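S.K.: Here is what each chain is made of, one letter per residue.
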Amino acid sequence: MKNYFLPIIFFQLVIITYLSFILVDVRWEIRSSFKVQEALVAQNQELENLYYQLLTEEFFLNSPARIEKKAKEDLGMIKVRPKKVK
Amino acid sequence: MNIYYKNWRLFLIFLFLFFSILSILVRIIYVQVEQGNFLLQKGNNQNSSERIIEFKRGSIFDKNGIPLAISITGFDLFALSGLKQDDFLRIQNIINLEGLKYENFDKKSLIKKSLSFDEMRKIRSLKIDRLELEKNYKRHYPLGEQVAPLVGFSGKDGYGLEGLEKSYNAILTGKPLREKVLKDGARSAIERLEILEFGEKSKDIYLTIDSNIQYIAYKYLVEAIKNNDGTAGTVIILDNSAKEVLALASYPSYNPNNPMRSIKKNRAFLESYEPGSIVKPLALAGAIENNLIDIDTEMELPIKIDIGGNIINDRKKYGKLKAFEVIKESSQVGATQISFLLGADRLIENYKKFGFSKPVNINFPSTSFGEINTRDEISDIEIATLGYGYGLTATPFQISQAYAIFANHGFYYDFRIIKDDEYPIFSEQVISESTAKNILFAMTEVVENGTGILAKSENYDVSGKTGTTEKLRDGNYKSSSYTASFIGIGPNPSNNLTIFVNIDGLGSQKYSGGSVAAPLFKNISNDVFAYMGYFNK
Chain Z
1 MKNYFLPIIF FQLVIITYLS FILVDVRWEI RSSFKVQEAL VAQNQELENL
51 YYQLLTEEFF LNSPARIEKK AKEDLGMIKV RPKKVK
Chain W
1 MNIYYKNWRL FLIFLFLFFS ILSILVRIIY VQVEQGNFLL QKGNNQNSSE
51 RIIEFKRGSI FDKNGIPLAI SITGFDLFAL SGLKQDDFLR IQNIINLEGL
101 KYENFDKKSL IKKSLSFDEM RKIRSLKIDR LELEKNYKRH YPLGEQVAPL
151 VGFSGKDGYG LEGLEKSYNA ILTGKPLREK VLKDGARSAI ERLEILEFGE
201 KSKDIYLTID SNIQYIAYKY LVEAIKNNDG TAGTVIILDN SAKEVLALAS
251 YPSYNPNNPM RSIKKNRAFL ESYEPGSIVK PLALAGAIEN NLIDIDTEME
301 LPIKIDIGGN IINDRKKYGK LKAFEVIKES SQVGATQISF LLGADRLIEN
351 YKKFGFSKPV NINFPSTSFG EINTRDEISD IEIATLGYGY GLTATPFQIS
401 QAYAIFANHG FYYDFRIIKD DEYPIFSEQV ISESTAKNIL FAMTEVVENG
451 TGILAKSENY DVSGKTGTTE KLRDGNYKSS SYTASFIGIG PNPSNNLTIF
501 VNIDGLGSQK YSGGSVAAPL FKNISNDVFA YMGYFNK
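Residue numbers (the working numbering), protein chains in the order written: chain Z, 1 to 86; chain W, 1 to 537.
Please note that the accuracy of each hint is not assured.
Capping the alpha-carbon separation at 27 Å, the derived lysine-lysine pairs in DSS-like fashion look like this [what the hints assert, rightly or not]: (1) Z/K35 - W/K135; (2) W/K219 - W/K419; (3) Z/K79 - W/K219.
Since the hints were derived computationally from the structure, they do not count as laboratory data. Just so we're clear, the structure is a prediction, and the values are computed from it rather than from any experiment.
With these hints in hand, go ahead and build the complete structure from the sequences.
M.R.: Take a look at the structure:
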């Protein structure tokens with residue numbers, strides 16, 4: 001039984017060393033994922049900014065105020081009550 | 001093991017290696033187990049810091065998803081002490097620092113506000129360690145003054161200070177997340193060590209307001225106030241079937257995007273005033289409900305009523321009028337007679353049933369709800385004036401909800417302004433369906449042949465009532481300042497919308513509800529009915 005003493009210790013050391021590497025690797029993975037998450041959150045906010053800008057632009061282009069102004073000033077249209085339409 | 005005893009040199013080497021490894025193991029165990037937490041904390045303290053993640057303030061949208069209040073993310077750039085001139089020039093090559101000259105920054109100094117994401121990335125790529133970027137959120141209100149008194153605004157710190165921004169602040173703000181993070185040499189977070197306080201993400205709010213209808217309401221309101229030399233006004237549009245507020249315009253307004261704004265109150269919820277003749281149909285409804293009168297009961301009207309020296313008269317001698325004609329002609333003498341028929345207690349009780357002097361079920365800061373003269377020994381003149389809208393005050397919103405009862409077959413409903421509000425809509429039958437129908441008939445007569453004829457549209461049939469109030473100042477009624485009101489229900493027969501308009505601060509030239517408020521109602525209702533797709537008559 002005593003003959004196996006050293007190989008067992010050696011084997012345990014190998015396991016510990018391997019687990020240490022695994023630990024470092026997992027930690028690196030966690031940090032990488034965290035960085036990716038941070039980047040994605042920032043990207044999400046950037047896209048949200050863009051979305052709101054486009055939404056506001058869409059609203060501005062469709063807004064009755066702008067259409068009315070264009071109709072009256074650029075196209076010279078006037079408001080006619082339905083009864084007067086022939 | 002015998003082999004080691006036979007070769008003592010090998011045995012010595014083995015012993016040396018064994019103790020070396022053992023000592024390393026002992027040290028590892030000591031450092032990991034005994035001192036592990038202490039050393040980890042020491043290391044973390046050098047490279048970790050606590051950070052608070054503020055969630056972006058929730059947005060406010062109209063019922064169609066059009067943004068009324070949104071937050072845009074930006075970055076403020078700060079120079080820290082020790083920033084070198086070379087680095088400053090590198091920054092200047094990327095972003096315009098608006099004439100800012102290099103100086104020895106001896107403390108944290110703001111050098112550029114509201115950087116975009118693109119600019120932020122470029123600055124980060126410079127890898128200058130004496131710089132700091134702080135995220136901020138700028139609130140933007142695309143509809144500006146059209147909805148400012150309703151939506152309100154929030155301050156720099158992201159807290160709602162006025163309007164719905166204030167009353168729904170908790171939902172819009174959420175709760176910030178507090179966490180401890182590990183940072184690398186560039187001071188960027190690389191790992192979350194601990195969550196110190198869980199946060200709650202902010203939520204968006206959808207209103208029942210339709211921004212297109214809001215635009216129509218605000219545009220005509222401002223136009224009418226300017227054309228009639230008024231000082232203020234309100235428009236409220238209610239959807240009677242959905243029990244929702246479609247528009248709520250208040251003038252004067254302000255630009256919420258301007259940091260130097262001067263706040264103006266939301267008159268629909270906050271300005272309680274004596275409504276004048278606009279309450280006459282409510283009093284008549286009470287008299288019909290108490291079986292004191294019918295809609296076509298003929299009433300003998302004297303040319304004037306003298307109550308202890310106070311004269312109540314009409315603009316002309318009517319002689320006999322049917323009850324609905326009292327509403328059509330807006331007769332003060334007729335309204336006085338109806339008040340006396342009801343008596344003080346029943347009259348006051350009737351107004352309360354219509355929601356007067358009771359808080360409205362809208363979450364809005366400092367909402368007013370008016371009052372009614374309920375003195376124990378109320379005089380005859382006070383009873384008389386209660387019948388035609390003096391001696392009681394109500395907000396435009398209360399008046400609108402009260403009139404929606406006629407469109408909703410006698411049922412009072414609490415109208416909502418937040419879409420998908422989790423609370424059920426409160427409803428209560430206040431008058432019978434037949435009484436509601438009779439009052440609507442009287443109101444139709446007002447528009448067809450009575451005081452509200454200028455509200456009559458070529459395109460749609462509507463019912464309505466005018467109101468003109470002399471303003472009370474320093475305890476006296478001034479005949480130089482008036483409020484003109486008109487409230488209408490239409491288009492008949494669906495009666496889906498209730499539209500209230502009023503203009504305040506009118507002079508003595510043109511001031512009546514019939515001549516000032518009724519045409520405003522007509523303009524708004526024509527456009528809103530057409531926008532909502534109601535067919536012409």
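S.K.: Please go over all the hints and tell whether each is borne out by the structure.
M.R.: For each hint, the structure was consulted:
no., hint, result
1, Z/K35 - W/K135, "holds (17 Å)"
2, W/K219 - W/K419, "holds (24 Å)"
3, Z/K79 - W/K219, "holds (15 Å)"
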